[in-house]
Amino acid sequence: MTWVSAIVHGILLGGVYALLASGLALMFGVMRIINLAHGSLALVGAYMSFLITEHLGISPYLSLAIVLPGALIVGYALQRTVLERSLRAGPLVPLLTTFGLLIVIANLLQYFFSPDVHSLDEGSIGLKAISVSNELAIPWFDVLTFGVAVVVLVGLQLVLRYTQVGRELRATAEDADTAELVGINARAVYARATAVAVATAALAGVFYGMRSGFDPNAGASELLYAFEAVVIGGMGSLWGTLVGGVVLGVAQLVGAQINNEYFALSGHLVFLVVLVARTALGVRGVGFRIRFVRRSVA
Amino acid sequence: MSEHAVAAPAFRVERWTWVSVAFTGGLTGLVALLALGPVLLSENSQNNLIQLYFLVTLAVMWNALAGYGGLVSVGQQGFIGIGAYGAVFFSLQHSLNPYLSMLIATLIGGVVAIPVALVVLWLRSGAFAIATWVIAESFAILVSLDPNPAIGGGTGTSAILPFNLRYTPEQRLHYTYWAALGTVAVLLVLLFALLRSRVGGSLQAIRDDEDAAASVGVRVLLGKGILFVIAGAGCAAAGAIILAWQLSILPLGPDSIFGINWTAKMIFMVLVGGIGTFEGPIIGAIALYVLQTYGPNGGVWYFVLLGGIAIGFALLLPRGIWGTIQERFDVRLLPVGYRLRQIGGAR
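These protein sequence lines map, in sequence, to chains A and B.
Taken in order, the first sequence gives residues 0 to 297; the numbers are from numbering that gives the first Met the number 0.
Taken in order, the second sequence gives residues 0 to 346; the numbers are from numbering that gives the first Met the number 0.
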């Protein structure tokens, strides 16, 4: 790979990270919690897709017709059983319970699927590429992934801006108590947000699984990449996560271009540099706030 | 003010009670007795107790962060790894005495914690958690890329050589036993003294309400920084002892010396024992030790159980075993707080 192709592939890789990051950012934006099990839930999506493709003989794309509704239900149930109670117990408890989930999920996956690396078959599109020059070929699958990410982000944005559900979500994110005063059921809003977040995670997990192999512990790195994309993206608007994902993807592949082993490390480094820069510029932890809400000036 | 003001009830500030005096004295006696372990106990029991000692060390350190600083770190394994690898490095590369190397590695853990603190302490809850994890992962990757034969890259390294050069296996067991017990004792005394000092008052204020504490002039970041550095050194010390205990270490993977499973164990111990209490983590470490001894040790179901129980405690018994006992029976065995007792009048 040349430098140019590392950058181009990095940009496209950013789509997967943006997809992963959007759900994490959505939950943080609405409930102020960071779901440490987010990457693990993405991974569960990939494993479910694997099971379905194995047993029904359909492609991973078609398996989404089962995986995504399943993820919505899982997300809804997760909110109603574990997260809702955690939220009431103070700011630290959601971290502790979602970390517990991360450990439980990684080990259950290891039990049911063995520690071996699995992968999903991306189909014939995996063999096709747009050849730009001798040294640069852009795989159609990467373009597809990036396109899916953009469609999901635009879709989320439109839903948040223009639908009743979106308005309720924004109102609850601003101020849950006041939202309840005007008749919004905050608990239901939270459950819907988590359901959507888990579905986007599962979608990201399936695409991630088609891109590269995954093992039961991949949930941890998927979480870290998603979070890094959110932080690098800065303001935390949905487009911010896309920018963050792209920067992270480019950093990783440029790092890998120097030495294959630097893939994750260079991403971590860029994340830490952004973190330090934000601190130095006075954007403190308190200001770390993901805004899905573009406040309309009346 | 009413003219018929009721006489203000008189209070006295109570720190020690006879229960806590007796218990603290008893605990000191117990530590002295345990120091005789290599003389009195079988090899097997000494090995088991070493394990208990480093678990207590880890639990106490994690609780210092989460229970007093409100800092949920998911990256303390970074310091465990630094302690273990530091000890290998100095004893193998520079041929220093392995126990001296362990001490140096402990101090390095504390020193490394300072720049890390400067990066992460500004962050709140979830952001802090993931940032510490990213830093721990980065340490692990850097170590795994180090071609130095003492470090061994991704295939890990072993401290068999430096230990065998100087000690028989029996001596190694005895000295490691004392090192592990000494570490626990020193850290507990240090933390006890810290929490009873002026800084301790501000730490407990931070634990109870960070914003309120800051508004009355508590230097929140300084307090958190002190805790973070102590926890960095303490976890490095535990890592060095783990090295002396298991000899071989790996850098990558959840079960490695830099592995996330250490955090799973720490969270389990602190949640089960009682977060934010001084005694809780000790009880939690004993609980984990019992689980490992009588239930599955290592492997898939061990960690499923660990995570599941931790979630259960977080949701159903958030104060843990000791916090619940404390609340119900109003006892403090190791007094780090102040209590007001009304003198005379209705109690």
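For the record, the hints were derived by calculation from the structure and aren't laboratory data.
Take these hints with a grain of salt, some might be off.
[As the list claims (entries may be wrong)] Non-contacting residues of chain A with respect to chain B, defined by C-beta distances greater than 12 Å in every case (computed): (1) L35; (2) S265; (3) V275.
[Unchecked claim] Okay, the calculated bits of chain A under chain B, using three or more residues with CB under 8 Å as the criterion: (4) 7 to 14; (5) 21 to 34; (6) 107 to 121; (7) 127 to 136; (8) 221 to 228.
A virtual CB, placed ideally from N, CA and C, is assigned to each residue, including glycine.
- Hint numbers the structure violates, sorted upward? The structure conflicts with hints 1, 2, 3, 4, 7, although it agrees with all the remaining ones.
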